[in-house]
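Asks: Starting from the known structure of chain A, fit chain B onto it as the hints suggest.
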Amino acid sequence: MKISRKTFIKSAAATVGALSASRILFRGMEIWTPQSTEAAPVLTEEWIPTTCWIGKQDCGMLARRINGRVVKFEGHPDHPRNLGTLCPKGMAQIMAVYDPNRVKAPLVRTNEKGVPGQWRQVSWDEALTLAGEKIGEVRARDKKLLVWQHGRDKAPALYREAFVSASGATMLCVGAQCSFAAQKAVSYTVGSTGALGADFRHTRYLLAWGWNITGGGGNWLCSITWPRQMLDARDRGMKVVAIDPRLRGSGAFADEWLPIRPGTDLALALALCHVLIEQGTIDRDYLKKYTNAPFLVKEDGHFLRVKDKEQVWDQGTGSAKPCDAEGTVPALEGEFTVGGTRVKPAFQLFKEHIARYTPETVADICGLSADAIRKLGRELGENAMIGSTVIMDGIELPYRPVAIMAYRTGQQELGFQAVRAMVMVMMLLGAVEAVGGQRLGPPGPWGVDENFWLLDEVKIKDPPSDIRLEGSKYFPIGSGNSSMVARVMLDPQKYGVNYIPEVLIIHMNNGALTFPDQNAVWESYKKFKFIVTIDPWLSKTADYFADVVLPAATIEKYEGPLSVSDQYTDATALRVPPMNPLFQSRGEIEIYLDLCEKAGFLFGQGGYLDAINKALALWESHSLDLNRKPTAREILDRWARSRGIEEGIAYFEKKGVKIHGTIPAKRFYGSAQTPPFEGLRHRLYGESLLRYREEMQSRGVEEIYWRDYTAFPVWRPLSMEASPPEYDLYLVTYKMMEFKESRSSHIPLLAELAPEQRLQINPKTARLRNIRDGDPVWIESHNAVTGETRRVEVKVAFTEGIRPDVVAMPHHYGEVARHPWASGQGPTPNALFFSGEGYVANTQDQSYHVKVRVYKSGMSHG
Amino acid sequence: MARYGMVINLDRCTGCRACMLACKVENNTPQGICWMYVFRLEEGEYPNVRIWFMPRPCMHCDNAPCVKVCPVGARYMREDGLVATDFERCIGCRYCEVACPYGVNQFNWKKPADNYYLDWHDKELLPVTGGAVPPYKNPDLIEASAREKRHISGGGQRIGVIEKCTFCVHKVEKRMKPACVANCPTQALCFGDLADPDSEVSRLLAQKPSYRLLEELGAEPKVYYLGKIPSTERARQIEEIPCLLKR
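Those protein sequence lines, which keep their order, are chains A and B.
Residues 2 to 863, numbered by the numbering used here, are exactly what the first sequence covers, in order.
Residues 13 to 259, numbered by the numbering used here, are exactly what the second sequence covers, in order.
It is worth saying that the hints were derived from the structure and are not from the lab.
The beta-carbon is built from N, C-alpha and C at its ideal position, and this holds for glycine as well.
Accuracy of the hints is not assured; some may be wrong.
Listed next, with one range per pair, are the computed distances between beta-carbon atoms [stated by the list, open to error]: (1) Gly680/A / Arg187/B: 55 to 63 Å; (2) Asp131/B / Asn771/A: 38 to 46 Å; (3) Arg159/B / Gly825/A: 57 to 65 Å; (4) Arg159/B / Ile396/A: 57 to 65 Å.
The shape of chain A in the complex, shown without the other chains:
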C-alpha cells in the first residue's frame, strides 16, 4: 500500500506517543510518496521582450514564457532606463495581467450615475456602435461638445496627437495635477520642456528640493533611473541637501535636511538669490550674453524698445545699443537716461527687488534658520565654480556642477513663480545647461520648446475659447486643468463660457479620485450626457459615471512608439504583447481604430488614419492606405521602417529596444549649441507677465487672478493662511514607490505591502492631541476663500521625519476600482483638497496644500 504523507501523519496522530518515538528513531524509514511519479514534462522556454505598462518609465521587460504561459516579468538587460531590473510595480504586473477582476467584456450601464454601476455585458460591436454613434452625433453638431480626457497616455503619437486631431475633441490631460506649473515656468524662462533635473554624471552638489527620491516622486524617470544615477553620483562624492517638509523621501541620501514650511519655496529661492548676489558668486558673463538681465527697463516696467528691439547700455560707448549688436559691453547695473527716458538694466531692478529677501526675513517665512540659508547660498556659490570650463567631446563648455532636482514644488499656489525663482538661482550661477549643472528638458537630446515664444506672446481670449480657459483673461498662461473644467461646467456664466460639453471619452484616467475638488468633479461628471471609459479595470470613475466601459488590455498589446532615453543614451522601444489580450480586452490602438470607424472619421483625408500618418511621420512609401483599416502591429511596423529599421517591427519583437547610442555633448547641453541656447535670451525679467497683468486688470478681472503675474517672483502670504487658526497644520502629499497614480493600489502583490492609507504625523503633534500611533483620526481641511470644509477618517502613523506643523498623506488610495482588494483601503487626500481660486496657481495648475486640523475620531471637534 502506498502511504501518502497525509495518511502517515493521520495514523501517527492516532497513536502519538509510540509512533512519534519510532519516527525519530527510525528517521531513514519513513515512506514518502514522491511528489510526482511522472517524468518531468518537456518545457519550452521563451523570453519575449516588451515594455512595462504600469508606471511612468516605460522600462524594458523580458516576459518569461514557459509552454505558452507567462510566469514572470524581468527587467530587460539592455534597456538604458532599468538595465535588467524592475521596481516593485513592474514586478507585480504579472498579477495585474491575470487578475480575474479585470473588466472582461464591454459593459453598458443600466442604472443612474453617481452610484456604483449596474452593468449589462455586451459585445464589442454593440458597445462600439453605441459609443461611436454618440461621438459621431455630437461631432456633427459641434466638436467642442466632445472631450477626451487622458491619464496615462502610453502611445502619445496615436492617442493625444492623432486621435485628438482627427476627432477634434477638446483634450484634457493631467499636467495641471502634475508638472505643468513647473514646466511652464521652465519653458517661459529658458525654453525647455521639463522641470528641474541634474546632469548626474557630473553634478557634485544637489538640492533635492521636494524630490521624493525613494518614493518615485519626481519628473520623468523617478522610479529607477534617477535614484540609480544619484547613487552613482554619491559614490563619486556628490553632496545632497534635502529641502522638504518631510524627510522620508530623500532622507536616506541627504547630507543635510532643511525642513521647509510648505508653500514657501519661492521665498527661499529669492533669499538664495540674495545671498549669491551679496557674496558676488554670480556668473556675469552668462547673464550678459544669454539672458535678458542687461535689457533696459523703463519706469513703467516695460523694456525700452527702439525699432522694436530691446536695448542694452553699452559701457564701451556710453550709450544704448540694440541687444543683439556686436561688440557691446552691456551693463548689468546702473541707471541711465536714453532720449529723456530713465531706464535701468533688468538686473539692476532684480538687485533692488531682492534686497528685502534677506535670510533673516525669509527664515521666518520658511521656518528655517538664517544661518542654514546663508550656508546653503555659500555652498552653492562655492560648488558652482563660476568661470570654470571643461572639455566635453572636444568642445569647451561651462562647468557648473550644481543642480536642483524638483518638480513637485510647482504644485502649489505660487508654483509657477516659485519654480521661476528656483531657475533664477541657477541662472545667477550660470549653471543652466552647463556641464554638471541644471538640466531642464526631458531625457534625451536638448531642444527648444515653442512655449518659450508662445507663453511670451499670449493673445488673451476674452471670452475664453473653450472650457479649458486656455489663454483666457483668468489664466493667460494656463493650459487646462480638469479640476477647473469641472468648476466651469458647473457655472459657465461665471467664466464667460457659453456651452457645456456633452460627451466624454476617458482614457486610462480615474478622475473621480484624481482631481480635487471632488464635489465639483463628481457634479460635473453628472452633467455629461454620455461617458465612455477605456480602462482594464472598473475604476471608481467608470463604476460611478461611465455609460459604456471598453475593456483595455494591460501589457498584452502593441503600443508605442516610446522614447526611452535615460538622458545619456538615446533609445526607442515598443510594447509588444507577450500573450494574447486576456478575456475580451483589446489594445487601445485597435479600440480607437474601430471607434473612429463607427463614428465615421477613420478613413479619408482628415480621418484617424491620415492623422496617424502625420503623427508618426510615416514615409510616403510606408504610409497607411487611407481607405483600409490596419492592425496595430501593422501601424507600428510601418513606423519602424520609417525610422530606417529594415526589419520593421520584427526588430522589436526580437530585441525589444533600439539603442541609438550615447547623446554627444553637442546635442546634450544647451550651452553647447551654436550659438549657445540657439540664441535664446533666458528670461530673468518676465516683461510679458507684467503685460498680462495690466491687460487682466484693464479687463476687470479680480485681483486673485492677476496678483501673481509679476515680472519677478514676489513673495506674498498664501491664500490658505487666511483659514482660521484652529486649522493649524499643513497637509502635504507624497507618492509611494509601491503604487502608481490611482490605478494600482488594488493589485494584491502591491497592496499587501501597504494595504491601508495612513496619515504621517510628528509624534509630538499627535500627543498634544491625545493621539497614539495607529489611532484613527478625522482630518478636516478648510477653504480660506469659500469657507467650505471637508473631512475624512484615516489612521495615523508616527514619524519624527516631518515638521511638527505638517501632516502628510500619500496619493494612490481611495478605493480605486471595483476589486476585492480595493475596498477598505482608506481615502484619497484629494477628498481634502480644493481647486479653483486660491487653490490653483496663477497658471491654473493645481495646488496640493491646504490648512487642516486633526483630531481623534469619535470626538465631535478637536
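Replies: Below, chain B alone, put in the same frame as chain A:
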C-alpha cells in the same frame, strides 16, 4: 567547494521593496509570506532624524540554530553553504521559527492553493493559465535539487510546513543569481562565493568595513552589510508591512 553568501550595500538601498516582490514571484510564496523583508528604519528626534533601509533575507548561517533544533533533519546545510528546508520532511513543529534570531521562518497556516490573493479558478482564466495557481507558478520549483535530490525550492508547497529564503537554490544550481539580487534596481545586493577571493562579494568585503546582524549570538550569518552604521535599539520601523507583523 563554494561557500555562498550575500553582501548588502545599505548606501545604495532605496527601500523600494522590489526584491521582496522579485522573490515572491520567482518563488511563488503565498499571501502573507515574504522571504525577503526590507526594513524602513528611522532614528532620532525631529529635526535630527536618520532614515535608512535594510533588506533582510535568510542569513544562511554557518552555525545555524535552526539546523540544530530541527528534530527530523528537514532543515540542513548544504555543502555550498545554503541552508535548505526539505518540505517533504518538515513536520511543521516550528522549532526553527523559535530558534532563528532573525525571524526568517514563515509557517504555512493555510492551504497554499487557497492562499494566493485571488480566486484563480475563474473559468475565463483557465484556458490561459491551465489552472496554474498562482497563474505565475514557476515550473523550475518542482525539480528536486541537483545534488541531494530533495525538494527544497519554492514556497507554498503545502499546509503545515515552514518555508524561508533559499537563496534561490534552483537558480544557484544553474549558476544564476537569486531573484532579489538580479532584480535590485540600484544594485544594492550582491551574491557570490565567499570562499573565492576574486568574487565580487569577497572584493567588496575586502574593500569596505562590514558588519553582520546579531553577530554576538554566534550564528555566523553569511549575509554582510556595508554602508550606513548599524542600527541601535533606538531605531524604529516605519511603514511596517501589517501581514508580516501579525505572524
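Asks: Taking the hints in turn, state whether each one holds.
Replies: Tested hints:
no.: 1; hint: Gly680/A / Arg187/B: 55 to 63 Å; result: holds, 57 Å
no.: 2; hint: Asp131/B / Asn771/A: 38 to 46 Å; result: holds, 43 Å
no.: 3; hint: Arg159/B / Gly825/A: 57 to 65 Å; result: violated, 47 Å
no.: 4; hint: Arg159/B / Ile396/A: 57 to 65 Å; result: holds, 58 Å
Of the numbered hints listed earlier, the single one contradicted by the structure is hint 3.
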